[in-house]
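Chains as they are written, first to last, in the numbering used here: chain A, 3 to 231; chain B, 3 to 231.
Just so you know, these hints were derived from the structure itself, not from any lab.
A few of these clues could be false.
Any copy, or any two copies together, can satisfy a pair, since identical chains are not distinguished.
As a list, the in silico DSSO-like pairs of lysine-lysine whose alpha-carbon atoms are at most 30 Å apart [claimed, not checked]:
1. Lys180 with Lys192
2. Lys105 with Lys45
3. Lys180 with Lys45
4. Lys192 with Lys105
Number of protein chains: 2
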Amino acid sequence: MGLGVSALPFTFVAHLLAVAAIVMVLFWNIHFRGGLAWEATNKNLIFNIHPVLMLIGLIIMGGEAIISYKALPLKKEIKKLIHLILHAIALVLGIVGICAAFKNHNESGIANMYSLHSWLGIGVISLYGIQWIFGFVMFFYPGGSESLRSQSIPWHVLFGLIVYVLALGTASLGFLEKLTFLESSAGVAKYGSEALLVNFTAIVTILFGTFVVLSSISSAPGEDDYSPI
Amino acid sequence: MGLGVSALPFTFVAHLLAVAAIVMVLFWNIHFRGGLAWEATNKNLIFNIHPVLMLIGLIIMGGEAIISYKALPLKKEIKKLIHLILHAIALVLGIVGICAAFKNHNESGIANMYSLHSWLGIGVISLYGIQWIFGFVMFFYPGGSESLRSQSIPWHVLFGLIVYVLALGTASLGFLEKLTFLESSAGVAKYGSEALLVNFTAIVTILFGTFVVLSSISSAPGEDDYSPI
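Isolated chain A (complex conformation) (with noise of 0.2 Å):
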């Protein structure tokens, strides 16, 4: 891969959708939503720390550890520990956000897993856990030999693009599924300002996560001794 531009410049962009999305998933949930409780008698407060945990966690946290190995100006075993430990908080706000979902769903007498969000949701947390570790004892500890390192690294690229890619399309599904039931049965207005809100959030997800894509297949600034793409 390797599109034979820079990749600084979409990294940037990609902050600044970045800080817009959070901006907007927390108005979203606080304004709108009531806001967030792990514990609550108003059980839709304990459902609000899903989406907010999983934008922030999954997606952003997880872009940014895709573009912090690209972009950092740093040695290679700095930018190693700095991507496994940006993709593991991603990884347990994502697990935490996924408990969020439950616990609303079980204390709700609401069912569990039958859309297709929920699917592929628990695919793309799996695969994700699955790809950390292989990154972790591949490429960190103990870490496998010179040519097997550089043998697998593109499919490491790889198969963590098309990961993002799922979950990516997986919060477009949850942005999509949770508005269409506040449209249908909690009488929010479907042109209304928090609809507006909902679609645009997601539209800026799907930006930010188009320009860490861009910059994943872009050229790194600095020299390295093995391409990480």
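Got chain A; can you put chain B on it based on the hints?
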């Protein structure tokens, strides 16, 4: 781009998944949803044209158009013509499919263009059309200069893949949106056979798209005067 492995095995898997997806979407709309019709007193039959044409058109024909340029053992000029015609068919079926959704909405008094699915759908069909026109003008007739063509081909491939992945995401949103309506207002069971069929059709569609993308970043079987990717 280029994975360093042969594209052909990926294309065979993609063809099999395409057949499965076509059978599944037809079975869903004919057996479970009552069939297809352009004029009908039961307006749902008009809607049913939408998922069938979007899947068979934009997703399957569009995917086969991408694969064809990579995998067919033909001269470049012939492959280009096939690529162009298959994408034109995809685009026309997609436009007719979108018209069916609007026709159903207008005749049933359902609001248009409020959901993320509809927003992304209009975006995707517009970008698909722009990409087709760019491809026609630059690579077919009148054709850009040799240097302009070789400079723009990676961007044509990249933009095409981004639009195609967006189309796959939009299709997934459509499956989820329609099934959510059916489950919340038409009494379709959340774990029933129709729900499972629709979710698995979406999964097969995503897998098909994944193999199309894998084909397009793998190695072509023959040599050519410039690499298509």
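Taking 30 Å as the upper bound on the Cα-Cα distance, should Lys180 and Lys192 be classified as within, between, both, or neither? both (13 Å within a copy, 16 Å between copies)
Status of Lys105 relative to Lys192 across identical chains (alpha carbons, at most 30 Å): Close inside one copy (28 Å) and across copies (19 Å); limit 30 Å.
Can you give me the call for Lys105 and Lys45, within, between, both or neither, at a CA distance of at most 30 Å? within (9 Å within a copy, 40 Å between copies)
When no copy is named, should Lys180 and Lys45 be tagged within, between, both, or neither for a Cα gap of at most 30 Å? both (15 Å within a copy, 26 Å between copies)
When each numbered hint is compared with the structure, no violation occurs for any of them.
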